[in-house]
Amino acid sequence: MVKKHQIRTTVNGEEYDLLVDPKKTLLQLLRENLDLTGTKEGCDEGECGACSVILDGKVVNSCLVLAVEADNAEVTTIEGIHRGEDLHPIQKSFVDSGAVQCGFCTPGMILTTKAMLDEIPDPSEEDIKHYLEGNLCRCTGYSKIIDAVNLAIKHSK
Amino acid sequence: MKNFDYIKPSNLADAISALKEYENAFLFAGGTDLLVGMKNNFLKPQYIIDLKGISNIKSFEYQEGWHFGALTTIRDIEVSETLQQKMPFLCQAASSLGSIQIRNRATIGGNLCNASPAADIATMFLAMDSQIKIISIDNEKVVGLDKFFTGPNSTILNRGEVLTEIIVPKDAEQFKGVYIKFGPRKGMDIGIVNIAVLLDADFESGLCKRIRIALGAVAPTPIRARQAEGLLSGNALGPDSINKAAELASSETDPISDFRASAGYRKELVKTLVVRGINTILASNRNS
Ligand SMILES: Cc1cc2nc3c(=O)[nH]c(=O)nc-3n(C[C@H](O)[C@H](O)[C@H](O)COP(=O)(O)OP(=O)(O)OC[C@H]3O[C@@H](n4cnc5c(N)ncnc54)[C@H](O)[C@@H]3O)c2cc1C
Ligand code: FES
Ligand code: FES
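Keeping their order, the protein sequence lines are chains A and B.
The opening position of the first sequence corresponds to residue 746 in my numbering, with each subsequent residue numbered one higher.
The opening position of the second sequence corresponds to residue 100 in my numbering, with each subsequent residue numbered one higher.
Just chain A, with the same shape it has in the complex (with noise of 0.2 Å):
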């Protein structure tokens, strides 16, 4: 019999008591148990960023963190980083620049930047390159997602 683990997880602010199997991800969790739905799943393997959240202040792939390393963590997702009723300045850069088509890849890239501006205030466009490596779009080209950073960055001077 596999043990369930019992862990006390912050989400977006809110403190949640959950018993998780052991082989739930972290994406899964946050997905399945919490609705929030913000967070998609592109590959499961680390390799296109669409399930990036922040956990303990850093960008990670949730697919590939599981739920029980959620334990006395902090994890902010798309769903909460918004300011009261208006949207992030981030999330609004995004909509004003037309970075968003399908918008699988966008909550990904909102965190991701939200995590490097965080970090580094003022990124060069190589550092923003660098930065976004791991989140692929397969809609935009990416030319307007570099635009709405920039745009972000703008706002937030």
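Treat the hints with caution; some may be incorrect.
[Claimed, not checked] So the derived label-pair ranges between C-beta atoms look like this:
hint : chain 1 : residue 1 : chain 2 : residue 2 : range
1    : B       : Ala112    : A       : Asp867    : 40 to 48 Å
2    : B       : Lys308    : A       : His900    : 48 to 56 Å
3    : A       : Gln846    : B       : Ser383    : 20 to 28 Å
[Unchecked claim] Lysine-lysine pairs mimicking BS3-like chemistry, simulated, CA-CA at most 27 Å apart:
hint : chain 1 : residue 1 : chain 2 : residue 2
4    : A       : Lys749    : B       : Lys240
5    : A       : Lys769    : B       : Lys101
6    : B       : Lys246    : A       : Lys749
Hints are computed from structural coordinates only; laboratory data are not their basis.
Positions of the beta carbon are idealized from the N, C-alpha and C atoms, including for glycine.
Start from chain A and add chain B with the ligands according to the hints.
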């Protein structure tokens, strides 16, 4: 993924006894190789032992040489200001690995123990003449990294053993170095050929005091090009000697053909990259 139990010991002694107690238990560091292997059912552990509860193997310090805890993340190395000053080539190799999401989780110990022939940090540590500390329930030993890899995804580690530390000799800082990961894409790809070159030279006269060349993805494990190193060490660095060393390095490899490149192409690439690696170091240090 098959079912398994999850154990998170809070110190090394407990991790080692868990490893001894449970059959078919795997150590879990960043999980970026392990979880992918489990999802694909290549690996079917019954227990996984998460090492992240062990706080004293997560960072690095200088103490008669550099001691890196096995659980140091690739990202911690990439962004360390101290390392960028002392051994920028190590940060460069770290920066070339995976994506930010992967680097935030992936550890140096995991990169070594997974033992991919194309492992980036492993290839750089090999060039740095590193040693590793291996601990089991009744033994502790320090071994040269050049004796660690035994084949693709295989090492000298026995059941019950944990790699706890990577030790870089203190003279590593005297070298100038470069890491080149050659491939069609800049990010998020495994190199067709990887090369780490460390050079201790008199850049005015062009005398090579010592050189170390490690190559990745051209043999069953990351390798050192010892003959090429021997040819250049103590001699003048000129186009002829560098070309000869490049030929020699290429003859020391034993690459495979796969979907990324043919064996022949890899052998040619080694020649080009040895020359490029040395010249890159020369060019950036002659004027400084
Ligand atoms: C999308 C993606 C991209 C990648 N890109 C690259 C790349 O560009 N270059 C590259 O080199 N690698 C790459 N990798 C592979 C991987 O990220 C690295 O090899 C990483 O360093 C593994 O570290 P980890 O901590 O995640 O290891 P884990 O997955 O936790 O462990 C790997 C193996 O080592 C064993 N192990 C771990 N720690 C120890 C220890 N201290 N003692 C004994 N055994 C141990 C585990 O049991 C397991 O068998 C990539 C992986 C993914 C998913
Ligand atoms: S779903 Fe996690 S990286 Fe693709
Ligand atoms: S907008 Fe469709 S994948 Fe990026």
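Handout entry: Pair hint outcome, Lys749 of chain A versus Lys240 of chain B [Cα-Cα no greater than 27 Å]
Key = Answer violated: Lys749 of chain A to Lys240 of chain B is near 36 Å, above 27 Å.
Problem - Pair hint Lys769 of chain A and Lys101 of chain B, alpha-carbon separation not exceeding 27 Å - result: Holds: Lys769 of chain A and Lys101 of chain B sit about 11 Å apart, inside 27 Å.
Exercise for the section: Take the C-alpha atoms of Lys246 of chain B and Lys749 of chain A, compute the straight-line distance between them, and say whether it is at most 27 Å. Expected result: Not OK: Lys246 of chain B and Lys749 of chain A at ~40 Å, beyond 27 Å, violated.
Practice task
May I ask you to test the hint 40 to 48 Å on the CB atoms belonging to Ala112 of chain B and Asp867 of chain A?
Solution key: Cβ of Ala112 of chain B to Cβ of Asp867 of chain A: about 46 Å, so the range 40 to 48 Å holds.
Handout entry: Lys308 of chain B paired with His900 of chain A, Cβ distance criterion 48 to 56 Å
Key = Roughly 52 Å apart at Cβ, these two residues keep to the hinted range, so it holds.
Problem - Whether the CB-CB distance between Gln846 of chain A and Ser383 of chain B falls inside 20 to 28 Å - result: Between Gln846 of chain A and Ser383 of chain B, where Cβ atoms are some 42 Å apart, the hint is violated.
In this structure, the hints that do not hold are numbers 3, 4, 6, in rising order.
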